[in-house]
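A.B. asks: For this one, chain X is given, so just place chain E on it according to the hints.
Protein chains in written order, with numbering that gives the first Met the number 0: chain X, 0 to 418; chain E, 0 to 619.
No lab work stands behind these hints: they were computed from the structure.
Source: prediction; values computed, not measured.
The beta-carbon is built from N, C-alpha and C at its ideal position, and this holds for glycine as well.
Any given hint might turn out to be false.
[What the hints assert, rightly or not] Which residues of chain E face chain X? A partial, calculated answer using Cβ under 10 Å:
#  : residue
1  : F16
2  : L21
3  : Q23
4  : F51
5  : Y105
6  : L109
7  : S115
8  : Q116
9  : A123
10 : V124
11 : S169
12 : S218
13 : G402
14 : Y606
[Said to hold, decoys possible] Under 7 Å between C-beta atoms, here's a sample of chain E residues computed to sit facing chain X:
#  : residue
15 : L4
16 : L6
17 : P7
18 : T10
19 : V13
20 : A14
21 : F17
22 : L24
23 : R387
[To be verified] Away from chain X, derived, C-beta distances all over 12 Å, residues of chain E:
#  : residue
24 : C9
25 : E159
26 : H335
27 : D386
28 : I530
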Amino acid sequence: MKDSVFLRMDWVSLLLYLFLVGFGLVNIYSATYLEGAQSLMSLSTPFGKQLLFMGLSFLGGGFLLALRVKFFEQFSTPIYISAMLLLVGLFFFGKTISGARSWYAIGGFGLQPAEFAKMATALLLSKVISQFQTNLKSIRSLFKLAGIISLPALLIVLQPDPGSALVFGAFFFVLFREGLNYIFLIILSSALILFVLTLVFAIPVVISLVIILLSLLFYLFKRMRYNPPVLPFILSGIMATGFIFSVDFIFNEIFEQRHRDRFNIILGKEVDTQGVGYNINQSKIAIGSGGFQGKGFLKGTQTKGDFVPEQHTDYIFSIIGEEWGFLGSILVIGCFAALIIRILWQAEKQTNQFRRVFSYSVSSILFVHFLINIGMSLGLIPTIGIPLLLVSYGGSSLLATSLMFFIYLNMDANRLRDW
Amino acid sequence: MNRSLLLPVCTLTVALFFGGKLTQLQLIDNFYSSLSQNNALIERAVYPERGFIYDRNGALLVANKPSYDLMVIPENVKAFDTLELTTLIDLRREVFQDRLNKARRYSKKLPSTVVSQLSEEAHAVLQEKIWKYEGFYLQKKTIRDYRKSIASNVLGYVSEVNNTDLKKDSYYRKGELIGRQGIEKYYEKYLRGIKGKEFLQKDKFNRVIGAYEGGSFDSPPIQARDITLTLDQTLQEYGERLLQNKRGGIVAIEPATGEILALVSAPSYDPAILVGRQRSENYRKLSLDTLAKPLYDRGLQAQYAPGSPFKVLNALIALQEKVVEPKTEFTCNQGHFYARGAFMQCHCPLQTKNDLTRAIYKSCNSYFAKTYKGIINAYGTPEEGIDRWKKHLQSFGLGNYLGYDLSVGQPGYIPDSDYYNRAYGKGGWKAPTIISNAIGQGEILTTPIQMANFAAAIANRGHYVKPHFMKSISEKSELGVFEKKQTTIDSTHFETVVDGMHKVVEYGTARIARIKGIEVCGKTGTVENFISLNGQKTQLTDHSMFIAFAPKENPQIALAVFVENGYWGARWAAPIASLMIEKYLKKEVKRKWLENRILNGSLLTEYEKPYSGKPFKINQ
Numbered sequence: 000m001k002d003s004v005f006l007r008m009d010w011v012s013l014l015l016y017l018f019l020v021g022f023g024l025v026n027i028y029s030a031t032y033l034e035g036a037q038s039l040m041s042l043s044t045p046f047g048k049q050l051l052f053m054g055l056s057f058l059g060g061g062f063l064l065a066l067r068v069k070f071f072e073q074f075s076t077p078i079y080i081s082a083m084l085l086l087v088g089l090f091f092f093g094k095t096i097s098g099a100r101s102w103y104a105i106g107g108f109g110l111q112p113a114e115f116a117k118m119a120t121a122l123l124l125s126k127v128i129s130q131f132q133t134n135l136k137s138i139r140s141l142f143k144l145a146g147i148i149s150l151p152a153l154l155i156v157l158q159p160d161p162g163s164a165l166v167f168g169a170f171f172f173v174l175f176r177e178g179l180n181y182i183f184l185i186i187l188s189s190a191l192i193l194f195v196l197t198l199v200f201a202i203p204v205v206i207s208l209v210i211i212l213l214s215l216l217f218y219l220f221k222r223m224r225y226n227p228p229v230l231p232f233i234l235s236g237i238m239a240t241g242f243i244f245s246v247d248f249i250f251n252e253i254f255e256q257r258h259r260d261r262f263n264i265i266l267g268k269e270v271d272t273q274g275v276g277y278n279i280n281q282s283k284i285a286i287g288s289g290g291f292q293g294k295g296f297l298k299g300t301q302t303k304g305d306f307v308p309e310q311h312t313d314y315i316f317s318i319i320g321e322e323w324g325f326l327g328s329i330l331v332i333g334c335f336a337a338l339i340i341r342i343l344w345q346a347e348k349q350t351n352q353f354r355r356v357f358s359y360s361v362s363s364i365l366f367v368h369f370l371i372n373i374g375m376s377l378g379l380i381p382t383i384g385i386p387l388l389l390v391s392y393g394g395s396s397l398l399a400t401s402l403m404f405f406i407y408l409n410m411d412a413n414r415l416r417d418w
Numbered sequence: 000m001n002r003s004l005l006l007p008v009c010t011l012t013v014a015l016f017f018g019g020k021l022t023q024l025q026l027i028d029n030f031y032s033s034l035s036q037n038n039a040l041i042e043r044a045v046y047p048e049r050g051f052i053y054d055r056n057g058a059l060l061v062a063n064k065p066s067y068d069l070m071v072i073p074e075n076v077k078a079f080d081t082l083e084l085t086t087l088i089d090l091r092r093e094v095f096q097d098r099l100n101k102a103r104r105y106s107k108k109l110p111s112t113v114v115s116q117l118s119e120e121a122h123a124v125l126q127e128k129i130w131k132y133e134g135f136y137l138q139k140k141t142i143r144d145y146r147k148s149i150a151s152n153v154l155g156y157v158s159e160v161n162n163t164d165l166k167k168d169s170y171y172r173k174g175e176l177i178g179r180q181g182i183e184k185y186y187e188k189y190l191r192g193i194k195g196k197e198f199l200q201k202d203k204f205n206r207v208i209g210a211y212e213g214g215s216f217d218s219p220p221i222q223a224r225d226i227t228l229t230l231d232q233t234l235q236e237y238g239e240r241l242l243q244n245k246r247g248g249i250v251a252i253e254p255a256t257g258e259i260l261a262l263v264s265a266p267s268y269d270p271a272i273l274v275g276r277q278r279s280e281n282y283r284k285l286s287l288d289t290l291a292k293p294l295y296d297r298g299l300q301a302q303y304a305p306g307s308p309f310k311v312l313n314a315l316i317a318l319q320e321k322v323v324e325p326k327t328e329f330t331c332n333q334g335h336f337y338a339r340g341a342f343m344q345c346h347c348p349l350q351t352k353n354d355l356t357r358a359i360y361k362s363c364n365s366y367f368a369k370t371y372k373g374i375i376n377a378y379g380t381p382e383e384g385i386d387r388w389k390k391h392l393q394s395f396g397l398g399n400y401l402g403y404d405l406s407v408g409q410p411g412y413i414p415d416s417d418y419y420n421r422a423y424g425k426g427g428w429k430a431p432t433i434i435s436n437a438i439g440q441g442e443i444l445t446t447p448i449q450m451a452n453f454a455a456a457i458a459n460r461g462h463y464v465k466p467h468f469m470k471s472i473s474e475k476s477e478l479g480v481f482e483k484k485q486t487t488i489d490s491t492h493f494e495t496v497v498d499g500m501h502k503v504v505e506y507g508t509a510r511i512a513r514i515k516g517i518e519v520c521g522k523t524g525t526v527e528n529f530i531s532l533n534g535q536k537t538q539l540t541d542h543s544m545f546i547a548f549a550p551k552e553n554p555q556i557a558l559a560v561f562v563e564n565g566y567w568g569a570r571w572a573a574p575i576a577s578l579m580i581e582k583y584l585k586k587e588v589k590r591k592w593l594e595n596r597i598l599n600g601s602l603l604t605e606y607e608k609p610y611s612g613k614p615f616k617i618n619q
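The shape of chain X in the complex, shown without the other chains (with noise of 0.2 Å):
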């Protein structure tokens, strides 16, 4: 027993991952409860099906640990391109709910492809960044980890599903760890600032700022008795420039009105709580309204007056800030970062490169949705409909995700073996 996988397991994060469930299916109950409806352990409930998820997790998670860990690098492609079939799947057998084609429907159950695309594509990344001949200042390995990302995520922008495909990005911090060049940071980072500055100033005033920004730092460079060539500077000038005009062109014109509103409201531009507006206003009255105690379990009037839309699944922080207030919403925001830390720390453990990789794709999954999710919810970000992965109601999301969690979970413990 000394030897068992249950004594070297990361505790810690597990403990995290339970909390988070289970709190995630206390709020689902109370989001679709409904008095004198039918019993709620009924899988024709939210709730019901969640626990019956939240079942199956456990399950296929407990099988996942008794694997060798050798079994998930062998098997990274059959799994890569099984995922990548589901998805071109939909397009032909997938049922189309609220405008997308995202999901096959098998009896009473949905599932969507996408949730399981994002382990899929972690594995074979990991994989293929491990691989000797993979080399990240080279172009050629770019493009290739590049393609890898890319094509679930085309395949899911057809669906369209934008949202989820965003979720991608999030490969980014993976690629960035292990040793992709900082002028890619430097890009993003930039073209991000710009993006935001362009759709609030008008375009001259951004401009502007960007050409002093840019001799500031030319002037300092020089003050610095460090004598750089001017061209750079230019030409990230007119980059920056292009890019500005072509922010504003594809804001204005390929964008659509709903798009544009939802931009539009996050940055304070237009006062709407009736129509684009609605979600993201109610969803902050009924957070607002929780106070630091909250109100209690199953007592959110806001929650019970159904205000907020979606509220099991994309909007379950809603209320989570109306039931247990600042004190819960806090407690989760904590456990959802300590989990993300947790993991990387763990990682950084880690001295195969392909279980580094993976355990790191796992936190920045973690956290793109982390981000995005409840900064949607306190209206921060403009609306992006995906779920606060463990907590939200969906049962594709919440097996996927655990899966991947299991398989970080085995990876940690047999840090040390070579299997």
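C.D. replies: Coordinates of chain E only, in the frame set by chain X:
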């Protein structure tokens, strides 16, 4: 810089940022929760229009019409001319005062209803003068408008929330409406939509001067969803006419989908009488009628012994358990002795030889008694035999709630070994003890919808889809898949039984149900029944029962019909089922003579017999 730090730092930053935003929203900025306590504001509910209900072909069954309530917020009430107001709304002064006190007790700040659903005239006059009465205002509501006076048992009704509802669900406020029965209750959440809130700015005279902050804190109502039912309006209406002046029920199901085409319960009532100010009085009348029980859904709630239609299930179980084969013959001598001195009668002539098909269409009691004995004795002990028998029946949806989407129903009853062990003691019973089960009498209880459902399962040759009333909800995005349930009988066994049921109509007990050009399959039943009259068990005229489906191949409709105290199955139930089938499949009924006989037929004198106080005869 260490690359490994990027993500942890991002995570911490984001978490801190979230914490900051939460501090602002939940701890500092209490603006959102103080909205309703602001004195200069009044909060008013804005109601979405209740969803419409359509039949399967898109015919409008239920819509809405406007109505106005007089509301009061007690703390805002100033001295006013009570006499004038009470005359305007046509209410006695004491009653009015009483309601005001009640409203004050409920809440000083929250609105209460003084008069709901004002008459057109009262509303017109009051509209002009409402400014005189501080604290009072008119609230527009919509009430139900029934386009056809049918299907009240399915549609249910809407009424004001009572104190229990208010305690149960904080969504509702006093004076609001809630779905009370039927579809209105089951799909309340969809039909009602979600009310919105508006905040209105008041001036120092307490007059509303417009929206607060340009309405930016209002939540608009969320539109209700419209519901399309599986009912066929024409068929439902026809069924209700056929059952006029009788008591009973009709359940018609589309076998392939489990969609309920008609659910008739007679006597019934016009749904429109449960709308408006006369509602409570009318409701009281309906609920006080304890003999005809118009509020009692006979199709869903009435539990009867199924009678002879049950024989087809026993036949299927016997085939599955290999107790008989289609060719197995038993001899019947006007019945048979199933135990010493115990004789079960049958109408077959002496020395009749029946095979299974013939036994079904001749409805031979002896044949099924012997078959049932075989089923019970097929496994070592009768305990095991009966429990296996029960399992088969449960797979047809008997003995438990079917799980359709209305909130009334009964489970029916299928006895098992535990039951008989309790009744007779362990080992104290054998197949002959419980032989009545063979012919659908005995301890078995089924509801008409369960019978229609097993007819559908036979029509499908071995499976059924959970019966339901909901065809679609507008803008619904969830997966609406109805479970297909397989019975424990192999599909190969069904043809013999279906053939028998076809011959019931062709040559057997239900020749009256024959329709030119449609192959109808059916089984009649005549069910003995008893009531307790002045403390004595009294037998009444038998119930008339019929199950059917048609056409034989690729069935489109399966039904169960029963008529209380209608005597034998072919007298009322079979012709009614046959007319329903003809109406549904051919759209037009050619057999006017039969239609007229049923429409004009009345059983009211039959129902009065037991309560006339005089001795009476049954089964005439």
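A.B. asks: Next step is simple, just say for each hint if it's right about the structure.
C.D. replies: Hints versus structure:
1. F16: Holds: closest Cβ of chain X sits about 7 Å from F16 (chain E), inside 10 Å.
2. L21: 5 Å, holds
3. Q23: 9 Å, holds
4. F51: 20 Å, violated
5. Y105: Given a least distance of 17 Å, the restraint on Y105 (chain E) is violated.
6. L109: 13 Å, violated
7. S115: Hint violated; S115 (chain E) Cβ to chain X Cβ min 22 Å, cut 10 Å.
8. Q116: 24 Å, violated
9. A123: Since the shortest Cβ distance to chain X is 31 Å, the answer is violated.
10. V124: 34 Å, violated
11. S169: 5 Å, holds
12. S218: Holds: closest Cβ of chain X sits about 6 Å from S218 (chain E), inside 10 Å.
13. G402: 8 Å, holds
14. Y606: The hint is violated - Y606 (chain E) has no Cβ within 10 Å of chain X, the shortest such distance being about 34 Å.
15. L4: 10 Å, violated
16. L6: 5 Å, holds
17. P7: 5 Å, holds
18. T10: 5 Å, holds
19. V13: It holds, given that the least Cβ distance between V13 (chain E) and chain X is near 5 Å, below 7 Å.
20. A14: 4 Å, holds
21. F17: 5 Å, holds
22. L24: This hint holds: L24 (chain E) lies near chain X, its Cβ roughly 4 Å from the closest one there, short of 7 Å.
23. R387: With a closest approach of 27 Å, the R387 (chain E) hint is violated.
24. C9: 7 Å, violated
25. E159: At roughly 17 Å from the nearest Cβ of chain X, E159 (chain E) sits farther out than 12 Å, so the non-interface label holds.
26. H335: 47 Å, holds
27. D386: Consistent with the label, D386 (chain E) stays out of reach of chain X, its closest Cβ about 26 Å off (over 12 Å).
28. I530: 32 Å, holds
Of the numbered hints stated above, those contradicted by the structure are hints 4, 5, 6, 7, 8, 9, 10, 14, 15, 23, 24, listed in ascending order.
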